[in-house]
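*Asks:* Each chain, written out:
6 protein chains.
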Amino acid sequence: MSRRFVSQIGPQESIDQIFLVSDKQLRPNRSGNLYLQLELSDRTGSVGARMWNANEKINGSFENGDYARVEGSTQLFQGAIQMIVTRISRVESSEVNEDEFQPLTRTEVDRLVLRLGEMLRGMNDLALRNLAECFLMDDPFMAKFSRAPAGVKNHHAYIGGLLEHTVKLMEVVGRLAPCYPELDRDLLLTGAFLHDVGKIDELSYDHGFSYSDEGQLVGHLVMAVRLLDDKVAEAERLAGEPFPRETVLRLKHMLVSHHGEYEFGSPKLPMTLEAVALAFLDNLDAKLASFSQQLRDDPNVDSHWTAYNANLRRKLFKGTHAGDGAVVEAGDEK
Amino acid sequence: MSRRFVSQIGPQESIDQIFLVSDKQLRPNRSGNLYLQLELSDRTGSVGARMWNANEKINGSFENGDYARVEGSTQLFQGAIQMIVTRISRVESSEVNEDEFQPLTRTEVDRLVLRLGEMLRGMNDLALRNLAECFLMDDPFMAKFSRAPAGVKNHHAYIGGLLEHTVKLMEVVGRLAPCYPELDRDLLLTGAFLHDVGKIDELSYDHGFSYSDEGQLVGHLVMAVRLLDDKVAEAERLAGEPFPRETVLRLKHMLVSHHGEYEFGSPKLPMTLEAVALAFLDNLDAKLASFSQQLRDDPNVDSHWTAYNANLRRKLFKGTHAGDGAVVEAGDEK
Amino acid sequence: MSRRFVSQIGPQESIDQIFLVSDKQLRPNRSGNLYLQLELSDRTGSVGARMWNANEKINGSFENGDYARVEGSTQLFQGAIQMIVTRISRVESSEVNEDEFQPLTRTEVDRLVLRLGEMLRGMNDLALRNLAECFLMDDPFMAKFSRAPAGVKNHHAYIGGLLEHTVKLMEVVGRLAPCYPELDRDLLLTGAFLHDVGKIDELSYDHGFSYSDEGQLVGHLVMAVRLLDDKVAEAERLAGEPFPRETVLRLKHMLVSHHGEYEFGSPKLPMTLEAVALAFLDNLDAKLASFSQQLRDDPNVDSHWTAYNANLRRKLFKGTHAGDGAVVEAGDEK
Amino acid sequence: MSRRFVSQIGPQESIDQIFLVSDKQLRPNRSGNLYLQLELSDRTGSVGARMWNANEKINGSFENGDYARVEGSTQLFQGAIQMIVTRISRVESSEVNEDEFQPLTRTEVDRLVLRLGEMLRGMNDLALRNLAECFLMDDPFMAKFSRAPAGVKNHHAYIGGLLEHTVKLMEVVGRLAPCYPELDRDLLLTGAFLHDVGKIDELSYDHGFSYSDEGQLVGHLVMAVRLLDDKVAEAERLAGEPFPRETVLRLKHMLVSHHGEYEFGSPKLPMTLEAVALAFLDNLDAKLASFSQQLRDDPNVDSHWTAYNANLRRKLFKGTHAGDGAVVEAGDEK
Amino acid sequence: MSRRFVSQIGPQESIDQIFLVSDKQLRPNRSGNLYLQLELSDRTGSVGARMWNANEKINGSFENGDYARVEGSTQLFQGAIQMIVTRISRVESSEVNEDEFQPLTRTEVDRLVLRLGEMLRGMNDLALRNLAECFLMDDPFMAKFSRAPAGVKNHHAYIGGLLEHTVKLMEVVGRLAPCYPELDRDLLLTGAFLHDVGKIDELSYDHGFSYSDEGQLVGHLVMAVRLLDDKVAEAERLAGEPFPRETVLRLKHMLVSHHGEYEFGSPKLPMTLEAVALAFLDNLDAKLASFSQQLRDDPNVDSHWTAYNANLRRKLFKGTHAGDGAVVEAGDEK
Amino acid sequence: MSRRFVSQIGPQESIDQIFLVSDKQLRPNRSGNLYLQLELSDRTGSVGARMWNANEKINGSFENGDYARVEGSTQLFQGAIQMIVTRISRVESSEVNEDEFQPLTRTEVDRLVLRLGEMLRGMNDLALRNLAECFLMDDPFMAKFSRAPAGVKNHHAYIGGLLEHTVKLMEVVGRLAPCYPELDRDLLLTGAFLHDVGKIDELSYDHGFSYSDEGQLVGHLVMAVRLLDDKVAEAERLAGEPFPRETVLRLKHMLVSHHGEYEFGSPKLPMTLEAVALAFLDNLDAKLASFSQQLRDDPNVDSHWTAYNANLRRKLFKGTHAGDGAVVEAGDEK
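Taken in order, these protein sequences are the chains called A, B, C, D, E and F. Its first residue numbered 5, the first sequence is counted upward by one per residue in our numbering. Its first residue numbered 5, the second sequence is counted upward by one per residue in our numbering. Its first residue numbered 5, the third sequence is counted upward by one per residue in our numbering. Its first residue numbered 5, the fourth sequence is counted upward by one per residue in our numbering. Its first residue numbered 5, the fifth sequence is counted upward by one per residue in our numbering. Its first residue numbered 5, the sixth sequence is counted upward by one per residue in our numbering.
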């Protein structure tokens, strides 16, 4: 039987299928009875769930990041769908079709890797092209790079998210460069490729997403510098001549300054044209991804506005037609 | 005799030609004698000048924003060229070829106006196209819009600067839009067109550049809203049907929020995807223009770095080859 | 039977009367059962209420902003009165005496409108008096202006609140002006009249209070400018001569700068004496209203201090006698 | 011969009369010759002056805060009057009519002291009236209090300035109180009287104005608390009964919180209605005094705007007629 | 039977012993039934507790700060121990061994008092030694000083905490001083002794910990100045000669500036070497105490990281071995 | 003839000896004549100097960082000594006794290096001791490390300044550690040793002091990480076993977080006890060094206060005796 995706599920449905589990918590209600609160997701989104009368044994039978078969039914609370779980059991990842659970299919990931190579190998700057090649031909690196998410919970927080964000940013650079001839296009393209490369070790993403200890204590801005140093040394070995000093400096500067402001964790402010452009475009891409997701996922179906987001210090405008169609769709679901 | 442009002038040259005057000040030296300090410019840049033994009569014989014939010679002080003026007299603007004094020639301005119309008339959204047409066919508006600078002293502070900045921003929008299908391209394009439209009355640019009283007291973000309201009313008259309410709201929101943060004078934070994108891209374009100009005009010829800029809280990196060529050029000038 | 006002209700009372409903929410408890949480108010204050074993049908039978007959009883929790509702049903507004539910009675509103006219018509400046008259004789405007609240939840958030806040501010201006002869009294008085005039459309107050879409996207500071422009045009038509340009500029400046700081949404800082005075006095009136209300409504009856207010980053001091009388009153209620 | 006041002096005048000296500096010009730079003032304002070919002996013959007979002539530089001094010699203060040099005459000071007593003795609160009496009958205190300036260089920086600012603030409180019945009028009045009382020792004003060491190290907010403690003890001795504890606390709180924000040196935020009102009204009075002075003294006669004030982060609008009359007056001076 | 300390209690234990009670709240659960939520502590830590089916009578039978005999059992929720209380009754403090409930035993307090006297009497500066003696021989002062906590809930929030923090800081000063001969060791030592002395009246600690009204309205920085003034007067009486003026000023300055920044409630920034050193060392000691406590008490046993602390805007790193041993211990408890 | 040190030079002296040159500028005076402005220093301080009637040839005959023989005389301007130079010529560094020009003599540097080794080799932690040894036995590293300044113009800006600051900080750590047993003393000691190690390449100090390009673009916090990585690898080679992972992480974290706040360029906030302690102690040492220097060098001899320091947003208190002795000394100099 074909899957009913999260984005299709309405209220008052019976459910019996596999989900990816996260944010699991065993909590007492106010009568002292335990219940399980968790998040169930597939590639189209996630839905909150509760299992009443849970206990430590059920809680211990699966972990965040596991797949689980879930039985139960849905209801509408506070304008949002919630699932009441009656049964839940762990499922081996070998038994599921992972493409149903990751926003990016393997085919899409393959396409993005191809495009990445194409753009990097199309650069005119020989030194940068050689440097890029050292990354591209490093299989363990590429395996991590095409699997890492770009974050733990904000934008692009899914397997392949780092790759998708990187390639998107490089596309943007490629399109914008002709408008600004004063920018060194190849330098900016390489900076876009490498800006978040430290995330392959900053994040841990084998089983659920989290920061690694090194990620939290040192950070991807600093960790990327070592990755770059190693590949520059390799590029020099292969080319048999020194890599241009200034180019390395400019690349490192882009890595350590790409958050744009001290308060966002940049130890340096952007001081070259390419570093300024990278910081802005990276921020724009992240903001558009995050705003889009909020507009898409906002549970507040009756309002023209999303719920207030304290981080952004604002609500977002969904438009005067928000909610109109929603009523109809809700009817359709029955 | 062909003009020796500011960008070509070296030390120890005799000068006798016309310049545009600005920043004029009559000041006493410490012996109580008066001297005139002023800035002389043409389309390629500006140079500081001093006329010793000046008096109130000379000072009163021309104004900032005037053209003047200047005789004198140049010297090198603190790494920068300075002109010592021995004679100066006002020249009618009818006697000069203004193309030598404006970064944008009339031909370039005409080309930009054409491109503006082309992009606006190429939009798919009928209502927005009609609205744009109301602006394009308003000759007094277009005369101001293609003459206004984009600022008084930062980026694009020259005749036609507003038009150039606007068209550049629209080009960027056009190129970026395919990367972000969630953006309403035509809405963003119209927002880019109108975002700084209030500057046609915020600034005063008939004789030198300054803020108008209304510009300082009310500001171009608010002034633009009235211009938009008037044209929407006109578009409704011409079309014989109401302009979509939500579209007007979204446009107004882009106008009042495009500085992106409260501290930069936006009374509202961007709360739609298009408003966020507009604020970022406008800021990026302004920053690249202003950084490029600083890198180009930095007087500090011996250093890899520009002078410290207190506004930006940083120096900019000119590169390790900065100054190398400068020595040679300085030799050439003798 | 005469009404028992919210301010008179104690614990352990049986209740059966009409209230105004707001902040309604249908929520599941931790056993998955639904309950209704709501706020019940009349002109003397509001009280939190819960209805156990609610469902979507009850929830759908009335809206925020409706009047409802409520049966139930009160109890004391965490030092505050809470109502447990057993029955609730919608009542037509035609069946209630609205004066019992609005802090301002119609008589009080009428008196405020009279006082407003009196002060405006008493100004010496002919142009400003004419301008004011254009507002006063605009019936639809006056209807909205005397009905709008001054906010959604902070100070003066009730029908007529905008009018009351405005007239109070004008009284303050009238009293203060003799102390500061350097202030243009009539200009400041007109500024006080118009400073929040944009709120008539920024807020939506026919059924509960909220921001309109235009209110959130554009804001009352900007919206007021158009209202002013329209009336200036009308005043010019009526007077047959141009309205003084500088006076309009000074008024607009007061409108757009009256929040006093960029971070509070002013696109301009106050740059005239009258604009500075307006921003301070408006802020003082709002702060006194809001502090008074917190001191009055603080539920924490045992303490000399109100609860910590995160917005204000402080607690307020109620005095060392706070709580003393409260015990006696609580006894009285039984 | 009657005095030519600073406010009347124009360019190209010969001067021979007495001024008050401040901001004296002996400096080398760039040829290594010494000149004296100083500020000359009387009750109507101050004018910059320079004496060429000065030396250490002349420099040592008088101090800041001295009166001096000055001979020389005036000229117009950068839109401002400057005096070129040819002779200068110290004059005993016994030889001058101090009323010509202080913005407040002795008669005005006497009137302010009377008014202060009138308002304090008119309070209804017996305890506060007794406390106030303890201050009023303390002659050394009153001598200092009616002589101290309110600041070193900003608002009310002249002999009697503290008294004038205090009485003005109390007048404002008296007028405003009827609008806000929730305020304790007498408490607020006493707070207004005492808020800056610590300045009598924070500042040093016997010879020019400066901060005392204690003023800079401890500050008038803290110093005022001890003055209050002493007088409360005295009031208790005189009344033979304890002063109400809570009233003392509320007064102290007003003293230590009246700068309104931590960043302005308040160790506490205002947490009572009277403390909030005091902080706002004090700030308003200071801002109006300082803005008025800037508008009045702005040297930039040709502009509608004052020079940019970095502290206020803004220019002030002088009006569109600024400069019109100035030209005529300048002509009158010859 | 010997006490089972909080630090030793595991899940699934039966408990019947005395605790110190704080943070008591009577709250309704979502079915409208009341329960009691409270914090139970002894000298080794505190544990959250709930008593289901509570009522106002039980709630009224004891207060925060009381000792109570508690019967019930423990369970593990969300990684933390929680106690379910079945019976609770107040116990007189005379019946308990207070050393089991205070982090500092009386012996430890006595030792700290001795050490305090030793360090103060060992100073070389005669005036400061005399001043210190006036504090040391004031028995009521010393009783309060050795009993007061250093805070309400952050660092050193226990009986004797102020003394412990003060002596620790003085030890640090004593050890550091030889490294910085430019510091006046005795002045800094006296400043360290007195910096928080105002807390003896700022806090109320007879029954639970809270701020006194004066503490909240005036603050310990200002309150300490009066304590100092009184003792200086006494020292002058005893010595029969004036106390050095500058030394008093420098001490007062240290008291009012020791929070280091305006935003932390210092009305003055540190402007002497000793004031700077005091502010830094006080802050360091407080931070180390608070970080250590968080690392020790973090309930999140499975993680290398503490929970996110919003005040500090960070998590703390517990180390990669955190949680390893915890599992074993949990097993031991059964 | 023995040297007259800068600290001994008074007004009206004839001078003919060698100085270290910095801050050289060729500038026009207001008559268009060139003069040379420069700073002359030895190990005891620096003095401003001017050479009138200079030219480009003289200006080109020596560089900042050179030694030069200077003839001229001193005068007192604005309370400070200034030198008027009549002759200046470059001197080879081989001809001077460098100990007269560097605050630290070679003997002092040698002593500091010894002490550094002693402390590092005295650590109990074997892994850290091995790591330290890898630094200590790296001669080129130690040569740089004992020569680098700690800054370009603030604290410890002299040859050997980095070493002196580092050893001082380690001494402080050694003394403080026994007070805080919760700190890992050896880890903190190693962190203190390495915290500024990146400055050996961040700064350029062969000829005058400045930031290297890499220093400005990448920064010493990031550069230090690579130095650490290299030595850890070496330590592993030598020990034949892996260096403890967690120790490396903790060290790196201390390096990247030691500025303590984002706004000071730390990409991470301190999240371990040792990182917090390091950030505080480093800051304290830097502040005491910088405050001491300001108190010592303040040119304002007549005042109890230093000049206002905009960076610190304060003046510093020199004491009430400041200036008293200065008058006498000035008399002595004649």
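Worth double-checking, as some hints may not be accurate.
[Unchecked claim] Only pairs whose alpha carbons sit at most 25 Å apart, straight line, appear in this in silico BS3-like list of lysine-lysine:
(1) Lys172(C) - Lys291(D)
(2) Lys291(D) - Lys319(D)
(3) Lys322(D) - Lys28(B)
(4) Lys322(E) - Lys28(A)
(5) Lys157(F) - Lys291(E)
(6) Lys322(B) - Lys291(F)
(7) Lys322(B) - Lys291(A)
(8) Lys157(C) - Lys172(C)
(9) Lys157(F) - Lys172(F)
(10) Lys61(F) - Lys172(F)
(11) Lys172(A) - Lys172(B)
(12) Lys157(A) - Lys172(A)
Simulated from the structure, these hints should not be mistaken for lab results.
*Asks:* For the pair supplied as a hint, lysine 322(D) and lysine 28(B), is the alpha-carbon distance within the 25 Å limit?
*Replies:* 22 Å, holds
*Asks:* Could you grab the alpha-carbon distance between lysine 157(C) and lysine 172(C) and see if it respects the 25 Å cut-off?
*Replies:* 19 Å, holds
*Asks:* Has the given pair, lysine 322(E) with lysine 28(A), been kept, meaning a C-alpha gap of at most 25 Å?
*Replies:* Given pair lysine 322(E), lysine 28(A) holds - Cα atoms ~23 Å apart, limit 25 Å.
*Asks:* Checking one constraint from the list: CA of lysine 157(A) to CA of lysine 172(A), max 25 Å. Satisfied?
*Replies:* Answer holds: lysine 157(A) to lysine 172(A) is near 19 Å, not above 25 Å.
*Asks:* Please verify whether lysine 61(F) and lysine 172(F) have alpha carbons no more than 25 Å apart.
*Replies:* Not OK: lysine 61(F) and lysine 172(F) at ~44 Å, beyond 25 Å, violated.
*Asks:* Can you confirm whether the C-alpha distance between lysine 157(F) and lysine 172(F) stays at or below 25 Å?
*Replies:* 19 Å, holds
*Asks:* Is the Cα-Cα distance between lysine 172(C) and lysine 291(D) 25 Å or less?
*Replies:* Within the cut-off at roughly 22 Å; holds.
*Asks:* Is the hinted pair lysine 172(A) and lysine 172(B) satisfied, with a Cα-Cα distance of at most 25 Å?
*Replies:* 22 Å, holds
*Asks:* Are lysine 291(D) and lysine 319(D) close enough, with their CA atoms no more than 25 Å apart?
*Replies:* Cα-Cα ~14 Å, so holds.
*Asks:* Can you confirm whether the C-alpha distance between lysine 322(B) and lysine 291(A) stays at or below 25 Å?
*Replies:* Violated, because 30 Å separates the two Cα atoms, which is more than 25 Å.
*Asks:* Hinted pair, alpha-carbon criterion (25 Å max): lysine 322(B), lysine 291(F). Please report holds or violated.
*Replies:* Given that 25 Å is the threshold and the Cα spacing comes to 33 Å, the pair is violated.
*Asks:* Check the hint pairing lysine 157(F) with lysine 291(E) against an upper bound of 25 Å on the C-alpha distance.
*Replies:* 30 Å, violated
This entry does not satisfy hints 5, 6, 7, 10, going by the numbered hints stated previously.
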